[in-house]
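Engineer: With chain A held as given, fit chain B with the ligands onto it using these hints.
As you go down the protein sequences, you meet chains A and B in turn. Oh and the first sequence: position 356 is 356 in this note's numbering, straight run, nothing missing. Just remember that this note's numbering sits 552 ahead of the position in the second sequence, which is counted from 1.
No lab work stands behind these hints, which were simulated from the structure alone. Do not rely on the hints blindly, as some may be mistaken.
[To be verified] Sample of chain B residues at the chain A side, in silico, Cβ under 8 Å:
{"id": "1", "residue": "554"}
{"id": "2", "residue": "555"}
{"id": "3", "residue": "562"}
{"id": "4", "residue": "610"}
{"id": "5", "residue": "611"}
{"id": "6", "residue": "615"}
{"id": "7", "residue": "623"}
Glycine is no exception: its CB is placed at the ideal position from the N, C-alpha and C atoms.
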Amino acid sequence: MVLACLEKENVDVVFGFPGGAVLTLYDEIYKMGKRHILTRHEQGAAHAADGYARVTGKPGVVIATSGPGATNLVTGIATAYMDSVPLVAITGQVATPFIGTDAFQEADITGITLPITKHNYLVKDIGELPWILKEAFFIANTGRKGPVLIDLPKDIQAQEGEFDYPDRLEISTYKPIYEGHLGQIARACTAVKEAKKPLIYAGGGVASSGAHEEMLAFSQKTRIPVTTTLMGMGSIPYEYELFLGMPGMHGTYAANNAINEADLLLAMGVRFDDRVTGKLDTFAPNAQIIHIDIDPAEIGKNVLADIPIVGDVKRVLAEMLKRVQPGDTEMWCKKVVDWKKNYPLRYRQESNNCLKPQFVIEELCRLTAGEAIVTTDVGQHQMWAAQYYRLKSPRRLISSGGLGTMGFGLPAAIGAQVAFPEKVVLCIAGDGSFQMNSQELATAVKYDLPVKIAIINNQYLGMVRQWQKLFYGGRYSHTNLAGGPDFVRLAEAYGARGFRVASPGEVEETVKIALNTPGPVVIDFQVDPEEDVMPMVAPNTSIVEMIGGEER
Amino acid sequence: MKRILAILVEDRPGVLTRVSGLFSRRGYNIKNIAVGPTMEPGISRMTVTVEADPLTVEQIVKQLNKLVNVLKVNDLTDETSVERELMLIKVKAEPGRRSEIQQVAATFRAKIIDISPDSMIIEVTGEEQKLQAFLLMMQEFGIKEIVSTGSVSLLRGSKVTRELRA
Ligand SMILES: Cc1ncc(C[n+]2csc(CCOP(=O)(O)OP(=O)(O)O)c2C)c(N)n1
Ligand SMILES: [Mg+2]
Numbered sequence: 001m002v003l004a005c006l007e008k009e010n011v012d013v014v015f016g017f018p019g020g021a022v023l024t025l026y027d028e029i030y031k032m033g034k035r036h037i038l039t040r041h042e043q044g045a046a047h048a049a050d051g052y053a054r055v056t057g058k059p060g061v062v063i064a065t066s067g068p069g070a071t072n073l074v075t076g077i078a079t080a081y082m083d084s085v086p087l088v089a090i091t092g093q094v095a096t097p098f099i100g101t102d103a104f105q106e107a108d109i110t111g112i113t114l115p116i117t118k119h120n121y122l123v124k125d126i127g128e129l130p131w132i133l134k135e136a137f138f139i140a141n142t143g144r145k146g147p148v149l150i151d152l153p154k155d156i157q158a159q160e161g162e163f164d165y166p167d168r169l170e171i172s173t174y175k176p177i178y179e180g181h182l183g184q185i186a187r188a189c190t191a192v193k194e195a196k197k198p199l200i201y202a203g204g205g206v207a208s209s210g211a212h213e214e215m216l217a218f219s220q221k222t223r224i225p226v227t228t229t230l231m232g233m234g235s236i237p238y239e240y241e242l243f244l245g246m247p248g249m250h251g252t253y254a255a256n257n258a259i260n261e262a263d264l265l266l267a268m269g270v271r272f273d274d275r276v277t278g279k280l281d282t283f284a285p286n287a288q289i290i291h292i293d294i295d296p297a298e299i300g301k302n303v304l305a306d307i308p309i310v311g312d313v314k315r316v317l318a319e320m321l322k323r324v325q326p327g328d329t330e331m332w333c334k335k336v337v338d339w340k341k342n343y344p345l346r347y348r349q350e351s352n353n354c355l356k357p358q359f360v361i362e363e364l365c366r367l368t369a370g371e372a373i374v375t376t377d378v379g380q381h382q383m384w385a386a387q388y389y390r391l392k393s394p395r396r397l398i399s400s401g402g403l404g405t406m407g408f409g410l411p412a413a414i415g416a417q418v419a420f421p422e423k424v425v426l427c428i429a430g431d432g433s434f435q436m437n438s439q440e441l442a443t444a445v446k447y448d449l450p451v452k453i454a455i456i457n458n459q460y461l462g463m464v465r466q467w468q469k470l471f472y473g474g475r476y477s478h479t480n481l482a483g484g485p486d487f488v489r490l491a492e493a494y495g496a497r498g499f500r501v502a503s504p505g506e507v508e509e510t511v512k513i514a515l516n517t518p519g520p521v522v523i524d525f526q527v528d529p530e531e532d533v534m535p536m537v538a539p540n541t542s543i544v545e546m547i548g549g550e551e552r
Numbered sequence: 553m554k555r556i557l558a559i560l561v562e563d564r565p566g567v568l569t570r571v572s573g574l575f576s577r578r579g580y581n582i583k584n585i586a587v588g589p590t591m592e593p594g595i596s597r598m599t600v601t602v603e604a605d606p607l608t609v610e611q612i613v614k615q616l617n618k619l620v621n622v623l624k625v626n627d628l629t630d631e632t633s634v635e636r637e638l639m640l641i642k643v644k645a646e647p648g649r650r651s652e653i654q655q656v657a658a659t660f661r662a663k664i665i666d667i668s669p670d671s672m673i674i675e676v677t678g679e680e681q682k683l684q685a686f687l688l689m690m691q692e693f694g695i696k697e698i699v700s701t702g703s704v705s706l707l708r709g710s711k712v713t714r715e716l717r718a
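Here chain A stands alone, though its shape is the one from the complex:
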């Protein structure tokens, strides 16, 4: 029955891990020959489904057994929830008569995931299953997207029921708003026309609604510069003249100063996260704020909007494009472009000195023509990937932004590669993070997924070390990872290829070899352990109080 529903939803692949409470479901998978990717840990399956969803825009599906299988999904579900990724998780549950008795492998997974799902269900009757599955996919992939969990007791899986799949669905209590209010749109257009220093601040909502073309057209027509958050990276081509880079804690001088000076901020599909805003009451102090978001609760949550527009960014922008007239922004554009030129992101790679992580990423970008699907783990390397991998299109930087989940990169790369077998999928991993899900190398090898894994090996939990250096008097409490595994041999043990690069001269050749090697490849880049991510804004200070990032 579940499988029949998945067919109806055009699910072409599921990720998962079996167990006692999903034996029947797995038997169906076996009999129907459904494409299923077996990971080595349920967390890996959840991140893989998430990665698949982020690159395709279709909901990812993950299956796990009851109890420990289900709880192993939790980090993956929370990761998807924070980044508004459509995910449908199906967990086995003990048979209904045993629920609530602390039965073997029982865990109240609907209770546990209540705060990290958009919605969840415990199926109590086989007759409910078709509409619950239909609703689950609908809720996961509409409005502000997010994970939905279905907990399916073992006895119910085994029941036969009439299969009556609803074609359409009307949930009276769930009605996302897509069209922006025309009056508000008109007000926004007037504000744009009058503004002298407008700025677009765009986030994950732009990619998620597929509004990148409208946004570029809007920026070109109105001559308004753009900054994108980590989640919005790629929504505007990196090389676009009015693109200022990322704002916030590790943002560029140009982006942060533009926010500070702007008289109009067009916030699109963003949630004013503290990593972007710094100290809230110093954020965009001079700006009127237009906030476009599909989730009404985001508007006014952290920052009050002068012109709130609830709606789908793509539709709202399309509507605005019809009406908007450009204001006079040439002076402003010149100013921000000068900032961009005079205060670029910088590092220094001496030709024969130790390898700089930023150089590695720039080379990876160059050698993949900026067209790889890049997944990351969490830490310094993630920020460098965002800063130095010059993306051309959206849905190409796959990173855990909201939850900041170490160990996300490899399984997400697996999901992305399953979705696009022909594309180059590059996982920019941290040496610490990689070890949180390195078992998924087995999955990549088993399914012959040619993911290329670049471990930015600084022998440290580098991002934490950086904070210890700057804010904790250099007391490096438990952040040194030296002596860790030999990643080349680890790769080989799994049946993947492994390379090591320790000097700048070796980068190009090794990356080229790796890209031309079929199957999964690990490159252990032994980089300068002392390197910090710059510029940096100390937490809870104004984003123009930046450390590093001096004038060129």
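Structural biologist: Showing chain B with the ligands alone in chain A's frame:
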């Protein structure tokens, strides 16, 4: 500031947990909560009293609206509405003081619903302030135990909550 929210929810398992969980994890303080059926089968009504500033209340309402089982949320505070809470109070009542207690109760239109040799149970309904005033009077005799329903509230006039603009 005290606000009263009327929340219409689908009568599904776990819906109370979903609502109360939302309040606790986002750090909103529930002063009291009352749940009961409505005239429509399958729909329950929760009345939640919170202590929060207007911006927080706006955020609470938006977050509640995102819950899939929530049909409608209304802030009844600024509407003209009637509010009632029912309280049962077990108070010490030696035979010599019974008539005194009866007098106070009569003034508050409270009902004595049980008498034992040394105590009484009194039922009182009203708005929070009235109940507070009554409790204060009863303290003099010695309160042994209280229980209350939490407040419930309806709009005055013919308007019903479902018709209000969200
Ligand atoms: C699961 C998890 N645990 C802890 C953290 C806290 N944390 C954030 S960055 C970081 C260091 C990551 O080290 P590494 O993967 O080597 O990346 P680097 O910063 O060195 O590039 C840690 C421990 C986290 N984000 N996720
Ligand atoms: Mg590291």
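Engineer: Hint by hint, note whether the structure agrees.
Structural biologist: Hints versus structure:
Given the 8 Å rule on beta carbons, the hint for residue 554/B is violated: about 21 Å separates it from the nearest Cβ of chain A. At a threshold of 8 Å, the smallest CB-CB gap from residue 555/B to chain A is about 16 Å, leaving the interface hint violated. A hinted interface residue such as residue 562/B counts as satisfied when its beta carbon comes closer than 8 Å to some beta carbon of chain A; here the least separation is about 6 Å, so the hint holds. Interface hint at residue 610/B: satisfied, since its Cβ lies 7 Å from the closest Cβ of chain A, which is below the 8 Å cut-off.
Among the interface hints, the one on residue 611/B holds; its C-beta lies about 6 Å from the nearest C-beta in chain A, closer than the 8 Å criterion. A hinted interface residue such as residue 615/B counts as satisfied when its beta carbon comes closer than 8 Å to some beta carbon of chain A; here the least separation is about 5 Å, so the hint holds. Here the hint on residue 623/B is kept, as its CB sits about 5 Å from the closest CB of chain A, short of 8 Å.
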